[in-house]
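A.B. asks: Residue numbers (our numbering), protein chains in the order written: chain H, 159 to 508; chain W, 61 to 350.
Since the hints were made in silico from the structure, they are not lab data.
Treat the hints with care, as some may be off.
Claimed, not checked - SDA-like mimics (lysine to any residue), calculated; alpha carbons at most 25 Å apart, straight line: (1) W/K97 with H/D426; (2) W/K133 with W/S123; (3) W/K97 with H/G404; (4) W/K133 with W/A112; (5) W/K97 with H/V402; (6) W/K97 with H/A337.
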Amino acid sequence: MTDKPLPQSHSPDPNSDDRRWRLAVLGLGRRGLEYAAAVARDSSCDLAGLVDSRNDLRGFARGCGFQAPLAVSLARLLERGPLAGVIVCAPPREVPALACRAIEAGLAVLIPGPPAADLAGADKLAAALSAASRPVASGNAALTHPLFARAAHVLAEGSLGAIVSVRASVQVSRVFGPASLPPAGDVLDHVALDLVMLLDLLFGPAHAVSARAERLYGDTIDEAHVTLELGAGPPISFDCSWSVPGYPRAAMVLEVECKRGRVLASDDALELEREGTPATQRTVLAGLIEGHPLEWGEAHATLQEFTRRLSHGMQADDPLDLARGLRAVRVLDAIRGSAATAGGSREVPA
Amino acid sequence: MSATVRRAPRLVLGVTSLDLPARAARDRSLEVANRFKESESLAVALVKALEAGAEALYAVPSSSLRAAMDELKRSVPVLARLPHLPLGDDLRHEHPLLIGTHDDNPDVWSGVRAGLAAVSMLPATLQGDLAVRVAQRIEHEAASLGTREVIGVAIAPEITDLALAAGHARFFERMVRFGRARFGGVAGFETRDLAHLVLRLHEWGIEPDFLIAAANPAGVGMTPVPLEVEAALERPGIPVLVTELRGGGVGSLADGARYALEHGAMGLLPELVDLDDVGGELRALRVMLG
Chain H
159 MTDKPLPQSH SPDPNSDDRR WRLAVLGLGR RGLEYAAAVA RDSSCDLAGL VDSRNDLRGF
219 ARGCGFQAPL AVSLARLLER GPLAGVIVCA PPREVPALAC RAIEAGLAVL IPGPPAADLA
279 GADKLAAALS AASRPVASGN AALTHPLFAR AAHVLAEGSL GAIVSVRASV QVSRVFGPAS
339 LPPAGDVLDH VALDLVMLLD LLFGPAHAVS ARAERLYGDT IDEAHVTLEL GAGPPISFDC
399 SWSVPGYPRA AMVLEVECKR GRVLASDDAL ELEREGTPAT QRTVLAGLIE GHPLEWGEAH
459 ATLQEFTRRL SHGMQADDPL DLARGLRAVR VLDAIRGSAA TAGGSREVPA
Chain W
61 MSATVRRAPR LVLGVTSLDL PARAARDRSL EVANRFKESE SLAVALVKAL EAGAEALYAV
121 PSSSLRAAMD ELKRSVPVLA RLPHLPLGDD LRHEHPLLIG THDDNPDVWS GVRAGLAAVS
181 MLPATLQGDL AVRVAQRIEH EAASLGTREV IGVAIAPEIT DLALAAGHAR FFERMVRFGR
241 ARFGGVAGFE TRDLAHLVLR LHEWGIEPDF LIAAANPAGV GMTPVPLEVE AALERPGIPV
301 LVTELRGGGV GSLADGARYA LEHGAMGLLP ELVDLDDVGG ELRALRVMLG
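Okay, chain H solo, but in the shape it has when bound:
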């Protein structure tokens, strides 16, 4: 991407009722195309541009039929017309620089995947965040998933009493040998990040971690067993693996023991046990999801949440707050540090 100075902000008037958000997608890999499709499908948005420095990815996007302008950089795209925001779908290493350029241009930003690949990237983005004039969000499906949202509501209302223990896991069947390892990233980047963000949303930021990691097929972490220490409340333990058979789709499970009950939430079902109530109350996703944007996939659901922020701004402690994504990157870094010392406690940098 080029470093040309950017033109001024091109955000439309957010008070106009008939606006359509002109959004561009930066990074035209698999996720970028999913978001391009979601934007193209959304009646409140216009797909105003597709940006990637790679010729093959731009060519593929055009071959898919997208007619939006293609550009090698955000600066080039902005020369062709105004934008309200960008969705940054580049590889994690490239995300901070791209997001910073967009913030600098006064654009709203959505980062659906990891907001940074390492602490340096997270710090760079955190510094830029303070100057953001428009919503800057990082999102994943777990943060707005209807079953986890219901679990959060039950926990927040307090009828189950104080939380005694929290255990969680996320598993998926992907890596069963060196040949199936991805070119970049480990199970923490690809699988655990969403769970860490969800735990942060539900229980607050982690201050310290201890972790053990399994490297089954080489140097890459394939499984991790983690304990998160929070400022208040009991520690949270979670396991993650991408080498478990039987899980074609990632399975995220959260088990919360409270003084007067228990919540077992997953992306599949929610079970609620209340003291003094004999029957377990069970809600399945299929019975809850009709009309939910998640039906159209994660990209559509996250985009809808983002456009809501474009209209109404970010809330206090917004589920999509980028700060949460950046904290998750720091937690993952601390997990790697702890695993390298066979489970020694590591502070999560503020």
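Please arrange chain W on chain H, whose structure you already have, making use of the hints.
C.D. replies: Relative to chain H, chain W alone:
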């Protein structure tokens, strides 16, 4: 495009839930995967399905299906869900169609095997069109299913809906022509966006032999809203095979089938994950279809 005289099968057993995420409770998915872990047990289920009146299997190319079909002494008609995008590709940045296949065979266009179907793709080849990449992948993958047994092809929903969102009319036209020419059978599309797809296909004047989409009384998988999907089902013109009849397990198969047929479905595509008694339940659906 001229009116088609091709007829898509009306009762199809879906076995994609053995290889792809299915809309069912996780315990149920695990149970079914475990039940058909051995190729012999899957082979028995396939035979029961065909004897109960299923006209084809809806399947992706997979080693488990190949092993089950090899157990059988009879031909098994397959409606192939292609291209098959391996789940592991979601760990990569690039779109799966740019990654190439995961076996030792080179992912190259075989003009010899594709014959006239390849000729129809020449203009698209020059434009770097999605249709060419999809056709290349289909050509490659159909071989592993046993092309003599493939009676038709349904473009996978990930690709259908990508092209639909991009408004790529030519893709649909090219894939219908390619699918029919390549397999001498039917060509259609699976979608998670039936309402918009039907609307656009009518606008574009493109008539695939069938579409595959979810419909059930609970409205699960019926995007954007069930009313629009029902309207699409009821619109005459393009036949629809309905899947996800149990709505992820919240309803019964019979209720789902009744609902689908009442709203104009041409055929039924129950998935293995939705069946307890493959022979018995398919026989009942056959009766409902008449």
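A.B. asks: Determine for every hint whether it applies to the structure shown.
C.D. replies: Hint-by-hint comparison with the structure:
In summary, the hint linking W/K97 to H/D426 is supported, as the alpha carbons are separated by about 23 Å, within the 25 Å threshold. A C-alpha spacing of about 18 Å is found between W/K133 and W/S123, which places the hinted pair at or below 25 Å, so the restraint holds. This hinted pair checks out: W/K97 and H/G404 have alpha carbons roughly 11 Å apart, not beyond 25 Å. For the suggested pair W/K133 and W/A112, the alpha carbons sit about 18 Å apart, so the restraint of at most 25 Å is met.
Distance restraint check for W/K97 and H/V402: the Cα-Cα separation of roughly 16 Å lies within the 25 Å cut-off, and the hinted pair is therefore satisfied. Between W/K97 and H/A337 the CA atoms are separated by roughly 23 Å; this keeps the pair inside 25 Å, and the hint holds.
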